[in-house]
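If you read the sequences in order, they're chains F, W, B and P.
Residue numbering for the first sequence follows the numbering used here, beginning at 1 and increasing consecutively.
Residue numbering for the second sequence follows the numbering used here, beginning at 195 and increasing consecutively.
Residue numbering for the third sequence follows the numbering used here, beginning at 389 and increasing consecutively.
Residue numbering for the fourth sequence follows the numbering used here, beginning at 583 and increasing consecutively.
None of these hints come from the bench; they were simulated from the model.
Watch out, some of these pointers could steer you wrong.
[Claimed, not checked] Facing chain B, according to a computed beta carbon distance under 10 Å, are these residues of chain P, among others:
1) LYS605
2) THR614
3) GLN673
4) ALA677
5) ASP678
6) GLU681
7) VAL725
8) ALA735
9) ARG748
10) PRO754
11) ARG774
[To be verified] Covered, in the sense of this in silico footprint (three residues per stretch, anywhere, with C-beta under 8 Å from a C-beta of chain P), are these stretches of chain F:
12) 68-74
13) 176-190
Cβ atoms here follow ideal geometry from the backbone N, Cα and C, with glycine treated the same way.
4 protein chains.
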Amino acid sequence: MSAERFPQIFARLQRGPQIIGLKDAALVAAYTGAGPGDVIVDAGAGAGWLAAYLGHAVGSAGKVISYEVRPEFVQLAGENIKRAGLEKVVQIKKADIYEGIDEKDVDVVTLDLPEPQRAVGHAFAALKRGGYLATYLPNIEQVKTLAEAAKEAGFVDIATYESLQREWLVRPQGCRPATTGIMHTAWLTFGRKP
Amino acid sequence: MSAERFPQIFARLQRGPQIIGLKDAALVAAYTGAGPGDVIVDAGAGAGWLAAYLGHAVGSAGKVISYEVRPEFVQLAGENIKRAGLEKVVQIKKADIYEGIDEKDVDVVTLDLPEPQRAVGHAFAALKRGGYLATYLPNIEQVKTLAEAAKEAGFVDIATYESLQREWLVRPQGCRPATTGIMHTAWLTFGRKP
Amino acid sequence: MSAERFPQIFARLQRGPQIIGLKDAALVAAYTGAGPGDVIVDAGAGAGWLAAYLGHAVGSAGKVISYEVRPEFVQLAGENIKRAGLEKVVQIKKADIYEGIDEKDVDVVTLDLPEPQRAVGHAFAALKRGGYLATYLPNIEQVKTLAEAAKEAGFVDIATYESLQREWLVRPQGCRPATTGIMHTAWLTFGRKP
Amino acid sequence: MSAERFPQIFARLQRGPQIIGLKDAALVAAYTGAGPGDVIVDAGAGAGWLAAYLGHAVGSAGKVISYEVRPEFVQLAGENIKRAGLEKVVQIKKADIYEGIDEKDVDVVTLDLPEPQRAVGHAFAALKRGGYLATYLPNIEQVKTLAEAAKEAGFVDIATYESLQREWLVRPQGCRPATTGIMHTAWLTFGRKP
């Protein structure tokens with residue numbers, strides 16, 4: 001029997017052009033309260049890493065529907081979800097979230113795509129009262145545009161964070177941070193439907 | 195009916211002398227894979243914030259047993275767990291984890307106490323194969339002592355991280371990080387039972 | 389005889405609404421090569437901290453001319469320059485740098501004002517070949533506007549940095565960064581006249 | 583005639599096994615007040631980068647004496663000092679600073695070597711009243727040992743900093759920090775002779 005837990009499975013998923021690592025996926029879950037039983041709409045799936053992370057967090061009582069328009073990513077994300085054993089929890093859906101969200105009363109919407117402002121009204125409509133929006137954006141101009149659109153759509157408690165993580169070398173001969181590392185991934189912006 | 199989700203509940207828990215905020219609790223969950231159905235042993239409970247976070251993550255199919263020796267913290271943590279509606283998932287247990295861990299086959303052990311090296315052997319014994327240890331330590335000397343003890347106890351993949359989070363002010367008149375903030379909380383060290 | 393050196397003098401200058409601390413002044417000097425004998429044009433003087441730092445760096449063989457339009461800051465900066473014993477090196481000049489720079493063949497121009505793009509052409513004209521521009525801007529939109537204007541004005545090697553400094557508590561009982569601190573001051577942008 | 587200023591010269595010096603970059607050299611100068619006319623003792627020279635930086639800062643009225651025991655580094659540092667045109671200001675001295683410092687009444691002593699605690703008493707004796715010590719150490723244990731030794735030697739205002747610098751990509755299509763970079767160089771510790 002396999003003694004593997006999720007961090008090891010996650011680390012072995014296939015990489016796409018841009019993936020959300022543990023540090024950022026962790027914050028998406030924490031600031032949206034993503035947990036057992038939640039229904040989450042995610043877009044774009046990309047390589048499916050965030051969808052997998054959220055699928056693990058919501059568990060078999062929950063559901064993640066991850067929108068993706070590019071056929072090659074529908075394929076890649078689907079494979080990764082299978083690899084992670086989450087095919088009963090996570091659905092990769094070939095659809096354009098800019099066109100609308102079919103689901104209703106969802107707990108969380110996560111948007112990792114270049115123009116989330118085009119989906120933020122759909123997200124607001126799809127969310128339950130009290131539900132959370134999370135976006136993941138590499139350039140600060142995108143964050144500004146999104147934050148304004150989220151406010152106009154009706155979201156409250158809009159907050160933006162960046163997170164810097166350093167690995168430390170903890171050794172008998174001396175402790176210090178690793179010399180080089182990731183200096184920037186993306187800004188995380190959250191909003192709540194009141 | 196309340197439209198509150200966990201981040202709002204978490205933010206309103208009563209504070210103790212030292213609490214683990216969302217940013218660090220998120221990483222504890224992410225790097226241990228804490229999720230639905232897990233059985234987690236936590237110590238010391240303190241104000242119960244990490245226990246509450248983990249209780250939310252494991253859900254009703256899981257269990258968090260949080261050790262605490264100081265009566266006033268048993269009380270405070272208990273109140274916070276009730277406030278969070280997690281009393282069926284999280285048990286605050288008045289016991290000294292340095293003396294031993296009663297539970298067997300647990301998925302994760304989290305240690306937020308000054309001398310985790312005194313509990314690391316108990317943690318190894320209590321964990322399932324593949325289970326994870328997480329510690330939370332404010333001084334680097336503690337990390338070094340713990341990392342050596344964890345290695346001796348048999349843990350593998352021992353890794354230490356620190357995380358720096360900045361809130362950004364995203365405003366029409368200009369975007370910038372907030373001027374002041376938290377520069378340090380603690381180091382997170384993880385290990386896996388092979 | 390006083391045994392005081394510049395860091396102590398600098399720390400005791402009178403504060404204005406916004407001052408440039410040692411960490412950023414140090415980088416302005418480093419990335420422009422500000423040193424003995426240089427002629428530097430600075431604006432706006434504000435409380436005169438950067439002018440004082442640069443005055444110390446260029447020494448008695450150099451010169452700092454610091455433009456300032458607001459009479460109360462001309463006064464405050466003048467007092468600080470006297471306090472620092474730098475009145476033979478640093479001149480606080482009541483003039484609007486947006487209108488032009490009188491000096492020619494200067495080594496460095498430093499701009500710590502809200503719209504440096506309005507002075508960047510004047511800076512280019514005033515600088516020697518090989519001379520450096522430095523700007524200090526708290527919002528990222530300002531940096532973007534400045535960087536574009538600097539490029540159009542003819543500057544090369546345009547680069548932008550931010551610097552985060554943590555003080556560490558190094559104590560027998562344990563080493564760790566101080567808990568709270570300054571998370572953001574401003575971006576430093578540099579350019580060189582080819 | 584060359585239009586080169588120091589930052590360009592500095593960037594072209596030959597690299598050794600470990601060099602002090604602009605960001606850290608800048609802080610050494612800032613926190614010690616290194617400026618025109620100062621006499622500075624530095625050790626070990628290594629590739630001579632810090633000696634060159636300080637030589638530029640003290641100028642022709644000042645002096646930097648940089649101790650080095652390894653012949654290959656005496657050679658390399660000497661070449662770099664020539665390259666920087668600082669041979670009249672900076673002397674690379676083949677001597678072991680652990681054995682003692684010949685100079686008296688110096689303004690600043692900078693120690694970039696593995697066991698600065700062995701030279702800290704010599705540094706105290708060599709410094710003027712009010713003079714500054716600076717050390718540059720990659721492991722935190724070294725910082726702790728040095729800080730205790732500096733206190734015992736009589737230094738006051740002992741403070742330790744680490745500095746993190748991010749380069750930003752400021753582009754029409756979007757602004758963001760560069761993805762990867764230097765996460766750690768060394769801790770800077772300063773002390774003052776009262």
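Quick rundown of the hints versus the structure:
1. Residue-level restraint check for LYS605/P holds (minimum Cβ-Cβ distance to chain B is 7 Å; threshold 10 Å).
2. Using the Cβ-Cβ criterion of 10 Å, the hint placing THR614/P at the interface with chain B is satisfied: the shortest such distance is roughly 7 Å.
3. With a cut of 10 Å, the hint placing GLN673/P at the interface with chain B is violated, because the nearest CB-to-CB distance is about 18 Å.
4. Because the beta carbon of ALA677/P sits about 26 Å from the nearest beta carbon in chain B, more than 10 Å, this interface hint is broken.
5. The closest approach between the C-beta of ASP678/P and any C-beta of chain B is roughly 27 Å, which is over the 10 Å cut-off, so the hint fails.
6. Look at GLU681/P: its Cβ only gets to about 27 Å from chain B, farther than 10 Å, so that hint breaks.
7. Among the interface hints, the one on VAL725/P holds; its C-beta lies about 6 Å from the nearest C-beta in chain B, closer than the 10 Å criterion.
8. Of the supplied interface hints, the one on ALA735/P is violated, with its beta-carbon coming no nearer than about 15 Å to a beta-carbon of chain B, more than 10 Å.
9. The interface hint given for ARG748/P is met, as the beta carbon of that residue sits about 5 Å from the closest beta carbon of chain B, less than 10 Å.
10. Look at PRO754/P: its Cβ gets to within about 7 Å of chain B, closer than 10 Å, so that hint holds up.
11. Because the smallest distance between the Cβ of ARG774/P and any Cβ of chain B comes to about 8 Å, under 10 Å, the interface hint for this residue holds.
12. For the region 68-74 of chain F, the assignment as covered by chain P is violated, since 0 residues bring a beta-carbon within under 8 Å of that chain's beta-carbons and 3 are needed.
13. Here the region 176-190 of chain F counts 10 residues with a CB under 8 Å from a CB of chain P, which clears the bar of 3, and the coverage holds.
Hint check: violations occur at hints 3, 4, 5, 6, 8, 12; the rest are consistent with the structure.
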